[in-house]
Amino acid sequence: MRKLLLLLLISLPIISFAQQPARNIVSPDTVKPKRSDSLLVDTTDYWKDTLNPIKDNKIWRDGEVVKPVKPRPKKKKFQIRFSDRIEYAFMLDYPLTTGAGVETSLLFQKKIGAWSDSLLPPYFGGDSTQAQRRRARIYRAAKIFLIDAPLESIIMATQQDFFGHMARMREFELKSKYTFRPINLISFWKPVGYISFDPLKIETEASRQQLGQIASASLEAGGIASDLLAMRWMQRKAVFYHEALHNLRLQLSGLSEVLTVSKNPQTGKSSAEDWMYYTNRQYGFYSEYGYTAGNMKRDYAIATFTNPNLYTSLYSVFYNYLINGSDSMRTPAFKIGYGKYVLPWVKYSFTPLGPEWVPEITLTRHRHVLNVYGRIGTGVFAQSYGGGIRLNNFLRNDFVSLNAHVAFWNQPYLFKNWVNQEILTIGTGGAATVTGYFKLTKGWHFPISAVAQLGYKTKGFMEGEVWQAAPIIRVGLSFALDKDFEEDYNYPQYEEIKTKKELKKEASEAKKKAKAKAPTKTQPRQNPYVK
Amino acid sequence: MRCINNKRLFKLITFQKFLLIVALGFIISCKKNIDPLSFPEKEVVIKELIINGNQDEFFQIRSFWENTIGCDVVNQTFNSFTIKIGNSLLTFKPNTTTIARPQYHFAILIPSNQIENCLAWLKNGGKKKNGEEIQLWRGGETNAEIIQSPLYNSSSVYFADYGGNIIELVARRNIDNVEVGEFSSEMFKEINSVSMVTKEVRAAQDLISENLGYKPVDRTTSGYKVMGNANGLINLVVQNRILPPTTTEQAYPYEMELVVQNPDSIVVSLPGYFVKITTRP
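Protein sequence lines correspond, in order, to chains C and V. Take 0 as the starting number for the first sequence in numbering that gives the first Met the number 0 and just add one per residue. Take 0 as the starting number for the second sequence in numbering that gives the first Met the number 0 and just add one per residue.
I should point out that these hints are in silico values taken from the structure, not numbers from a laboratory. Idealized CB from N, CA, C, for every residue including glycine. Certain hints may be false.
[As the list claims (entries may be wrong)] Only pairs whose alpha carbons sit at most 27 Å apart, straight line, appear in this in silico DSS-like list of lysine-lysine:
1. V:16 to V:188
2. C:268 to V:122
3. V:122 to C:200
4. C:441 to C:482
5. V:275 to V:41
6. C:339 to C:503
7. V:41 to C:262
8. C:110 to C:334
9. V:16 to V:41
10. V:122 to V:83
11. C:441 to C:110
12. V:188 to C:415
[What the hints assert, rightly or not] Covered stretches of chain V, as calculated for chain C (at least 3 residues, CB under 8 Å):
13. 33-41
14. 148-157
15. 196-208
[Unchecked claim] Restraint ranges, calculated between C-beta atoms of paired labels, are given here:
16. C:505 to V:12: 48 to 58 Å
17. V:247 to C:265: 42 to 52 Å
18. C:371 to V:16: 20 to 30 Å
19. C:186 to V:19: 49 to 59 Å
20. C:267 to V:177: 18 to 28 Å
21. V:173 to C:115: 55 to 65 Å
22. V:12 to C:511: 55 to 65 Å
23. C:403 to V:221: 38 to 48 Å
24. V:33 to C:453: 47 to 57 Å
25. C:286 to V:177: 18 to 28 Å
26. V:210 to C:203: 39 to 49 Å
27. V:210 to C:265: 51 to 61 Å
28. V:139 to C:399: 38 to 48 Å
29. C:307 to V:9: 41 to 51 Å
Please model the entire structure based on the sequences and the hints provided.
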């Protein structure tokens, strides 16, 4: 741990350097809004009577009184503030959990991607002629498959093995020796994370459910990373190529892992197969599985292929980056208002209580994000359900920005040990966390924040957290690495927006005032110029 | 200073209260006590279980218990036989009623770490090891082979003997009886629990409590009352209740005698038919 901290301190200036994007980031927030709100009125047609008691009223030359035209409500112009930038956090907790680990791994993923792009930019020698563009596409294809995809494999292996399998092994305090599968750098579609241990030894140390949890920890880490990326895309409303590639790598790895599960799953082949083998055994299915390989393939394929983020990743990597040479694109989402977007998706979760469907919906209002999700257990092994709400950047100013997460669940039991068969009775439980990013520097190049995540969870399974009831305490440093805000603040400032209600209220108040000021009996004034 | 609009405030408070009541109702409806049962101190020490079997199938039943399961026959008469199951005895008598095939449920205790080996042993044909699976009763709802009961802190495998009885091999986690080695019928510890079918569970419970001093386990229902503790149990089952883990087999008060350890000689006949408990020191 000390070495890790020392390494972080040494590498702080390198990590915290914000990324210079290859081109302007394509996001609705970074596009300067058009000014089309000014009201053009031809003043030659009317004249304003200074003696008119109601000032705004205009009187035509023929004496007709015209009420003023209501100005259209002004659209809110959004400026990306310094505090709105997406935070890439290096988080530490004890024992190191998957939740904190995945967050940290995405910081390094971002940084490695930025270095890769600074060394080998997405285009070279211009892209004005057809020949240049053709050459650049070949170069980018080579970069994707020879450099970026292997790099993503290494990052993913760290994410899934170190922060996935090992985090769960540490949590369950298992002593058996284990080895990891070497990373296959060329086959970018193959799964990377896999822990192998001596089943005869380890089966006496842990319950079947715990072994299933250790096995599926890589898929759990992948699910968390995928969700985090999707929420960042919604918050930023722009997708970066490297993130898209990482998400694509995660999805491909999960798919190839699940789709290659054999009809009669046995231990020692892949994470999904191990999870299936041990979870079935925990719940007493031996010769015929309660949840078969066919069921899992069907469910996982449904969840993956209906997830819009998969197609976003594919489009971003193979069309936007490879063909067009652009390293960012707008996040495809349903627009429901100015700066308001919504995107739903469904996730398949490998839990120790059996498979769960996780339908999620993410709403963004500029850079505030609301993510609501449900957890619906399939009930093949144990009956479970739950849900939660995540709020990102719900409160921010120049010094701090806050995220919050509230979750609840209802689960029956978790089995802690096989030999003594200790159980953990759960019932209804919940968790609540608040994450604060406290700005340490306001520099454009070195945007560093201190991050603290505080909360509490009751006993029960929750993605990325320990099984036991425990306080959630995570601290670290965070870096806003996206250069997606304007340094010189030339972008239009926030303009005060008035709701229809407020406008109505103002109008009625103005009327009241006018009435109060106006003389009780007013003679209709003759226009001297009209005969 | 702007004064507070009382009407609005009242509305706000009532709405918040309504939300709070809904939330509380939701939490209460979700909450149910799923903690493992706490058992009373006094256990039921089962010395012998005397049940009926179809006389035409006597030879096959005996052969099943002796050759397939591997239990020793300790006593044999013209029309009955007794087999040894750990520290308990199981006696089969000819059926005296008009019912052709009586069906009972009882559980045999096995070491707490041997449930998986036990299943493998049953699937491999028991003592015969001929690969022919002994007929298993699976979990009705899930179709699982090993049925976990966190409420009782146990894991069970159910199989059918030749007479169609529901025999449960139960590994109780809160009993320290770990044994290492290949599973066989020698690892059977004792008859751990017996389902006794009666018309009136409450009356039967009172009778047993008064005469034998066994206490009922809390949170068991009035149709299925458990008496004793994990080391020895009596399950009082109301007539026509479905016997777990099956979904079809109904409990019926077939003739049965349960001999339990007690210094005094007592006979307790349960309300209904021919179900009784006797004692032996």
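We went through each hint and held it up to the structure:
no.	hint	in the structure
1	V:16 to V:188	violated (58 Å)
2	C:268 to V:122	holds (25 Å)
3	V:122 to C:200	holds (24 Å)
4	C:441 to C:482	holds (13 Å)
5	V:275 to V:41	holds (20 Å)
6	C:339 to C:503	holds (24 Å)
7	V:41 to C:262	violated (49 Å)
8	C:110 to C:334	violated (31 Å)
9	V:16 to V:41	violated (48 Å)
10	V:122 to V:83	holds (22 Å)
11	C:441 to C:110	holds (20 Å)
12	V:188 to C:415	holds (25 Å)
13	33-41	holds (count 3)
14	148-157	holds (count 3)
15	196-208	violated (count 0)
16	C:505 to V:12: 48 to 58 Å	violated (30 Å)
17	V:247 to C:265: 42 to 52 Å	violated (33 Å)
18	C:371 to V:16: 20 to 30 Å	holds (25 Å)
19	C:186 to V:19: 49 to 59 Å	holds (56 Å)
20	C:267 to V:177: 18 to 28 Å	holds (26 Å)
21	V:173 to C:115: 55 to 65 Å	holds (57 Å)
22	V:12 to C:511: 55 to 65 Å	violated (31 Å)
23	C:403 to V:221: 38 to 48 Å	holds (47 Å)
24	V:33 to C:453: 47 to 57 Å	violated (30 Å)
25	C:286 to V:177: 18 to 28 Å	holds (26 Å)
26	V:210 to C:203: 39 to 49 Å	holds (44 Å)
27	V:210 to C:265: 51 to 61 Å	holds (54 Å)
28	V:139 to C:399: 38 to 48 Å	violated (56 Å)
29	C:307 to V:9: 41 to 51 Å	holds (46 Å)
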